[in-house]
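Undergrad: Residue strings, one per chain:
Number of protein chains: 2
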Amino acid sequence: MTSSDSPVALPESHIDLLTRALPAVLVTLMPDGRPQSSVVWVAHHDGRLSLNTEAGRQKVRNMTADPRVTLMVVDPDDQHRYLELRCDVTRISSDGALEHRSELDRQYLGPDHWTDPATDRSERVVVDIVPVRVNAYG
Amino acid sequence: MTSSDSPVALPESHIDLLTRALPAVLVTLMPDGRPQSSVVWVAHHDGRLSLNTEAGRQKVRNMTADPRVTLMVVDPDDQHRYLELRCDVTRISSDGALEHRSELDRQYLGPDHWTDPATDRSERVVVDIVPVRVNAYG
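Protein sequences, first through last, are from chains A and B.
Numbering-wise (my numbering), the first sequence opens with residue 1 and increments by one.
Numbering-wise (my numbering), the second sequence opens with residue 1 and increments by one.
It is worth saying that the hints were derived from the structure and are not from the lab.
Given the structure is predicted, the values throughout are model-derived calculations rather than measurements.
All residues carry an ideal CB built from backbone N, CA and C; glycine is no exception.
Misleading hints may appear alongside valid ones.
[Said to hold, decoys possible] Coverage of chain B stretches by chain A, computed from C-beta distances (three or more under 8 Å per stretch; other residues unrestricted):
no., region
1, 21-34
2, 77-84
3, 91-100
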């Protein structure tokens, strides 16, 4: 998975859209190039972005074949304010995926609603993504 | 603009996501195939879907070059409930575009906040889209 694009910084003005536990729309590319969308949760730490999903999903196959994705987060209080992140997937791995899922659970569902990695039998992957173009509106 | 796919019906269970004046994420394809996303309003009449946008936008150029788009609407009350519509653009036209914009204004902003077509100097287009695959979640 390589790209000729360079990573870009996220604008401070819209970082809240990545830290307020808002649903993000992830766009991947089907084998024929048609866009596929789904709702995902996004972890944001020190400018690094990652997702977590089940290993067998179509979006994982898509991102493995073509690393170009787009993330979209719309402010629920103002639909004219949104962040479009055109990204490259840099890594898809099962390493630490259950712990990562548990962190996202806490972020999105609150401290009392997390899946315990010790008993989690799901097959998950962490997907690291790097923005190569950022469009912030509103 | 042609496609080998056939139009499909919208599920009654999720029609409300198209009639509640919710922001939709439109995905188009850049010339290099990378997905581009933006927020749009959607008009839904008798199973027919259409958008309205400024004529000169990147998304219009994208849809003219490749008619394959995806629309995503997430229920603001339940982020696990959403509608993904993979669509083909069947028509992009300036005919009636200002009146169409005015209708969308009323739908999304209310009866008192519409742009008068008689004084609207913007260059708009109506974009008709036909779903070829529908994924309804939640």
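Undergrad: Verify this for me: three or more residues of the region 77-84 of chain B with a beta carbon less than 8 Å from a beta carbon of chain A.
TA: holds (count 4)
Undergrad: With a Cβ-Cβ cutoff of 8 Å, does the region 21-34 of chain B contain at least three residues near chain A?
TA: Per the Cβ count (7), the hint holds.
Undergrad: Are there at least three residues in the region 91-100 of chain B whose beta carbon sits under 8 Å from a beta carbon of chain A?
TA: Answer violated; 0 residues pass the 8 Å Cβ test.
Comparing the model with each earlier hint shows a violation of hint 3 alone; every other hint is respected.
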